[in-house]
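Same order as they appear, the protein sequences are chains V and P. Take the first sequence: its position 157, counted from the start at 1, is 157 in the working numbering, and no numbers get skipped. To get the working numbering, take the position in the second sequence, counting from 1, and add 1000.
These are calculated hints, taken from the structure and not from any lab test. Heads up, a few of these hints could be off.
[As the list claims (entries may be wrong)] The calculated label-pair distances, taken between Cβ atoms and stated as ranges, are:
1. P:E1105 x V:Q128: 42 to 50 angstroms
2. V:R92 x P:Y1011: 46 to 54 angstroms
3. P:S1138 x V:P111: 49 to 57 angstroms
Glycine included, C-beta positions come from ideal geometry on N, C-alpha and C.
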Amino acid sequence: MNHRRYLLDKNLLYVFSEDGNVEQGREDIGLVPGGLRINVHSVPQDSRVYNVAGETLLLGEKVLSGTIVWGGDFAFVRQDDIEALDVRVVIRSDDGALIEGEYCGVVAPGPRTFTQVFSEKPKLGSEQSPAELSFHVAPRFRTADPRYKWLSGRQCLAYGRVKFIECVARQATLDVWMMD
Amino acid sequence: MAILAAGQRRYLFEKELIYLFSYDVALREHGRMEVQGGRTVSLSASDGVGGDETPPQEEEPFTPRLVYHVMDDNRIEDNDAITGSITWLRTSLYVPDAERTGSIEGTIGITTGDQAVLDSCYKGSFSMGSLGAGHFDSILSKDQVTRIKAFISPHFETPYPKYKWLGERQCAGFGLIEMKDGLVTRATFDIYAMR
């Protein structure tokens, strides 16, 4: 076959990390065609973005750190045991800029997860031993603030972990990387 | 496993991108529309045969609609490699006048060599560099070819059990979009799965 024999350049630049306490509120929308809809919301004063190494500059630009003033995941737990994530956040940086983020992605907790949410015991995770699962999302951010224009519109990838207690997500933490 | 207060982590999680497949696609513009702050460009896959649709065939091998593994490997971890052809692709680009980053939104359908259909809607961005929106203008010298880096985040759906594993992965695509005389002519992407 007549095709390319090499891979294109791919770079990921570390942008920030984010911790979200998602115990603020929850709406069980319930069973809809194809699965279960659940909304969870983050606790503003307990959800932050930060740089794990405490760095302040990224390629000469100001690193983003601040609080998540509003965050929610409009999750869809599918009957095929895949959970589709649809996260929206609004970040207020420590220097006062507002940045909104939109993350879509998936978490695949494994077989029988869908039925486990409803009926099976034991439920996923407990107070003594929360279940920790990996998830992957693809965030994009928007802002009009010139200090963070470097981030606006860029496609990012995020590697995260979420802790479940009794099948309920309680805390999510992730690293955001910019595709370059 | 305690629940920590926010901002306490001092290490990065492991990140890995598993190469899945690549694709080449010849593109045909269906129209451009002036919108607030820029313009949109509507594109679809073409067969790249005849007339002005023929993409330049100079330095690189390029087969329109081909889905392939760059090293022709047969396996990706525990699964068969994904090869086949692009059945459909429709994409819209938003090209801002005053920024260097534009946005992509589209849908792609792939028919694998074993006749499974993989479908994905995706969003993404592209970096236009210092030339900015000038990539999309025919102000350059005739036959001038320019390229922009593009990044997409597809998640594939399929009812075929053999490819269920692909639906469990968030994917990422690194690509190049090529313009000739300001018109989009073709694109090539490498698709990875996040792990």
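Hints and how they fare:
1. P:E1105 x V:Q128: 42 to 50 angstroms: Between E1105 of chain P and Q128 of chain V, where Cβ atoms are some 45 angstroms apart, the hint holds.
2. V:R92 x P:Y1011: 46 to 54 angstroms: 25 angstroms, violated
3. P:S1138 x V:P111: 49 to 57 angstroms: 55 angstroms, holds
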